[in-house]
Amino acid sequence: MKPQALIAGVHEFPERKTGKSMLEIQALSARAALEDAGLGKKDVDGYFTVAANPGIGPLPIVDYLNLNPKYIDGTTIGGSSFVAHVNHAAAAIAEGRCRVALITYGSTSRSSGVAVGTRERISGDYLDQFEALYGTSTVGLYAMVARRHMHEYGTTSEQLAEIAVATRRHASLNPLALYRDPITVKDVLASPMISAPLHLLDCCVITDGGGALVVVHPDLARDLKKPPVRLLGSAEAIAHTSGGRRDFLVSAAAESGPRALAEAGLSPRDVSMAMIYDSFTITVLVTLEDLGFCKKGQGGAFVSGGRIALGGELPINTDGGGLSSNHPGMRGIFLVVEAVKQLRGECGERQVKDCRVALVHGTGGALGNRHSGVTLILGRS
Amino acid sequence: MAEYAKPLPEVTAESKPFWDACARHEFRVQTCRACGAVQYYPRGVCAACWSAEVEWKPSAGRGRVYTFTVTHRTQARGFRDELPYVLAWIELDEGVQVMSNIVGVEPAKVAIGMPVRVTFEDVKDGLSIPKFTAA
Numbered sequence: 014m015k016p017q018a019l020i021a022g023v024h025e026f027p028e029r030k031t032g033k034s035m036l037e038i039q040a041l042s043a044r045a046a047l048e049d050a051g052l053g054k055k056d057v058d059g060y061f062t063v064a065a066n067p068g069i070g071p072l073p074i075v076d077y078l079n080l081n082p083k084y085i086d087g088t089t090i091g092g093s094s095f096v097a098h099v100n101h102a103a104a105a106i107a108e109g110r111c112r113v114a115l116i117t118y119g120s121t122s123r124s125s126g127v128a129v130g131t132r133e134r135i136s137g138d139y140l141d142q143f144e145a146l147y148g149t150s151t152v153g154l155y156a157m158v159a160r161r162h163m164h165e166y167g168t169t170s171e172q173l174a175e176i177a178v179a180t181r182r183h184a185s186l187n188p189l190a191l192y193r194d195p196i197t198v199k200d201v202l203a204s205p206m207i208s209a210p211l212h213l214l215d216c217c218v219i220t221d222g223g224g225a226l227v228v229v230h231p232d233l234a235r236d237l238k239k240p241p242v243r244l245l246g247s248a249e250a251i252a253h254t255s256g257g258r259r260d261f262l263v264s265a266a267a268e269s270g271p272r273a274l275a276e277a278g279l280s281p282r283d284v285s286m287a288m289i290y291d292s293f294t295i296t297v298l299v300t301l302e303d304l305g306f307c308k309k310g311q312g313g314a315f316v317s318g319g320r321i322a323l324g325g326e327l328p329i330n331t332d333g334g335g336l337s338s339n340h341p342g343m344r345g346i347f348l349v350v351e352a353v354k355q356l357r358g359e360c361g362e363r364q365v366k367d368c369r370v371a372l373v374h375g376t377g378g379a380l381g382n383r384h385s386g387v388t389l390i391l392g393r394s
Numbered sequence: 008m009a010e011y012a013k014p015l016p017e018v019t020a021e022s023k024p025f026w027d028a029c030a031r032h033e034f035r036v037q038t039c040r041a042c043g044a045v046q047y048y049p050r051g052v053c054a055a056c057w058s059a060e061v062e063w064k065p066s067a068g069r070g071r072v073y074t075f076t077v078t079h080r081t082q083a084r085g086f087r088d089e090l091p092y093v094l095a096w097i098e099l100d101e102g103v104q105v106m107s108n109i110v111g112v113e114p115a116k117v118a119i120g121m122p123v124r125v126t127f128e129d130v131k132d133g134l135s136i137p138k139f140t141a142a
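For the record, the sequence lines run as chains A and B.
Position one of the first sequence corresponds to residue 14 (our numbering), numbered consecutively onward.
Position one of the second sequence corresponds to residue 8 (our numbering), numbered consecutively onward.
Because the hints were derived from the structure by calculation, they are not lab data.
Beta carbons: idealized from backbone N, C-alpha and C, even for Gly.
There could be a bad hint or two in this list.
[To be verified] Between beta-carbon pairs, the in silico distance windows are:
no., chain 1, residue 1, chain 2, residue 2, range
1, A, K308, B, A67, 16 to 26 Å
2, A, P67, B, E21, 19 to 29 Å
3, B, V18, A, K308, 38 to 48 Å
4, B, V18, A, A107, 45 to 55 Å
5, B, T38, A, G325, 46 to 56 Å
Next up, chain B with everything else stripped away, as it sits in the complex (with noise of 0.2 Å):
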């Protein structure tokens, strides 16, 4: 596996279901048993009630790019030696908005409410990053 120069993530209690699961190829978001409210990014308490009964759900991944930007240039680690990138919101089918790179498709060819679906790049092992691909 070649080296991952791109920032990695500081995985902490609170957020160690969900960066298993993603090792798994799985992507998480949570609900809410108080309020039945459904939420990315996950936390502790439920954003909406702020009740802690929060729960995990797998997702299919799947939903439309709500905005992105391809970016020429930056000095952020890693993206600086692969100009240009597809920075992203992306609205899944459960409602919920995910920032991410969409891979897999030139820049030129992404758009507004393009399907896409989830695609999981393996870093080291254990760690598998969520990214977006056309579905």
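So here's chain A without its partners, still in its complex pose (with noise of 0.2 Å):
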């Protein structure tokens, strides 16, 4: 059996707009993550992060942090990369390659202006011929899916915004979201139309950010500060266009949610908590679904009516989400972090009660044409 990987240090960096470098930010989490951990930066030996430097990927950080790692990895697909991160940590700590694995990401989107779900999106390969011709974005990829999901299954605008309005909720009592005041699905309706039918409240916010990770050998238990977080399972799968046949409204989570499940033994009833990626509202509904909360289609009923805020059935995304607090572009670290305070009881105010089981699932690229899906589930120790 493999030795089952700690979650021992987490941190997400305070400021939502700084004048730090994305550099600095990754180095002041990288460092606050390991304290958290009761670790040092000569414990690192494996590292991950994304490849934000096309082609030498993770060089320039490894550098500047002055690391030496044995293990290096640069997995980038989308937003959910840091989750795919704790997931190839894990292997690469059960197969010996490394023991203390450190994940660091850092983006100053906000500071530098970046339409992240309204610009261009061109990837600069091949497949721009077919698609970026026409006028293509991040939210107007997402739009066609909620379209869709309307049209086959009667889901309204109101269902989505409740979505916006839970999420809200958990924001205002986070104090480092960016937005705090509440919101009502009314608001969420009036906001502008961005590409219909997805609002600007049904859309993520643009942040600086970053945070850190610590995974570690099960080995290193009696030497951390905290009590770590468990790994109990880890899948990840990958949807795209298939040839020209997709059907867009089933996401990579309905593979990537029923291995993770099982690798843990346990079932959608087990998990206390999700931290489902939201860069737009109709991410969470299609993401919900397919993890197995709800059967397909049901998903506009799922979220209605509080089930999934504090004191619901499932509350998901309790920091605020990237709705209301913290997208810098790729949040998967953030949904790691949030559920690993959960478990450890570190909430205050937004602290769901008897937390056990956090399942997370980051989705990354689009659920309009290709994206990933990475699902952990986390239990306490």
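Fit chain to chain and form the complex, with the hints in mind.
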């Protein structure tokens, strides 16, 4: 049996707009996450981050941090990348390739004025000539999935808005969240239409930010400062255009979710809270269906009536999510940070009572053409 | 011809037969000689079986709107001056999906299931971009 990796330290960079560089953000976050774990720079022997620099990936940041890792991973599959890094770190640890894996992220999207959702979506590859010619944006790709969901299942804008409202309520309990004033379904529907049927308040915020995670070998459990969180199950998948025949209402979560739960030996009913990537409200709705929290097509009813808010059956995105708290372009790392804090009971006013099992699901790329899905099942010690 | 301010395709040897056909206002999909699969977007191998024996097949360019979005805000070149516009996935009668714009129709009139046909926007000599309009 493989050794079960532990998440020993986490940190979310507290600022939402900063004068610091993406490298500085990562260095400060790395130090804080290692402190949180009770470990130090010298203990790090595995390093994971996204390829911010095409072609050379993590080289500049490894140089900047002055690290000498034995194991390096620059997997870049969109906003879910850092969730995948946890899965990859666990595999590397199980194989004996490293014992203390550091995962970092830093971005200055807000201060650099990057219009993450509405800018022209060009990847610079062969596929652009068939997709990027048509005013294709990230929000447009998700909006097409929302429109199709409404057509197939009668999902409404009001139901999508429920997700934004619950998430803002959670943000109001997080002092670090970008937006903390409560909103109503009416406010969401009255906000400007960006790409129909998605309104401004159906879309995530744009922030600066970053963070770090420390994943370690279970042998280190006694050396850690806090009770570590156990990785009970993990899985990843990619959904894409499939040669031109794709059901765009089924996301990669339909593959990764059941596999991760099976590895943990758990079912959706065992999950105390979930951190679901919320680039847009529709992302959450489709993901909850695909993870098996409700039947396909029932997502609209599921997210209504406070079920996904604190005190509800399945509280999600208790930090205020990408919709209200923090989304510097790739949010996956914050999903893990909040899930770990919830399992440790460190969330104060927004603490989920008796939080035993947290599910994290990262979505990277776009539901409307191709994306990655990575699911983690985390348990407290 | 007014200058076309929207993004242009970077045509490669692999995609040139597709774009050459578009220039003649002919839409093409591909079929696999090995397994018979029909595919779009075009590529050098069959997406189903990876055979390199894919052949070009003329398509009537007819199908239905699979899904769409009316975009009201964007930074995309050319499009930001023509709001709102319609981005869509079209399902061709051959069963494959094509991403494009729905043009020549009031955005408010576009609906899922609406019959559409291909139309070509002539951009410059030897380059026409496939878009779709009400059939």
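Tested hints:
1. In this structure, A/K308 and B/A67 break the distance hint of 16 to 26 Å, their C-beta atoms being roughly 38 Å apart.
2. Taken as a hint, the range 19 to 29 Å holds for the pair A/P67 and B/E21, whose Cβ atoms sit roughly 21 Å apart.
3. Taking the beta carbon of each, B/V18 and A/K308 are about 45 Å apart, inside 38 to 48 Å as hinted.
4. For the hinted restraint 45 to 55 Å between B/V18 and A/A107, the CB-CB distance of approximately 46 Å keeps it satisfied.
5. Under the hint 46 to 56 Å, the C-beta atoms of B/T38 and A/G325, about 51 Å apart, fit the expected range.
Checked against the numbered hints above, the structure violates only hint 1.
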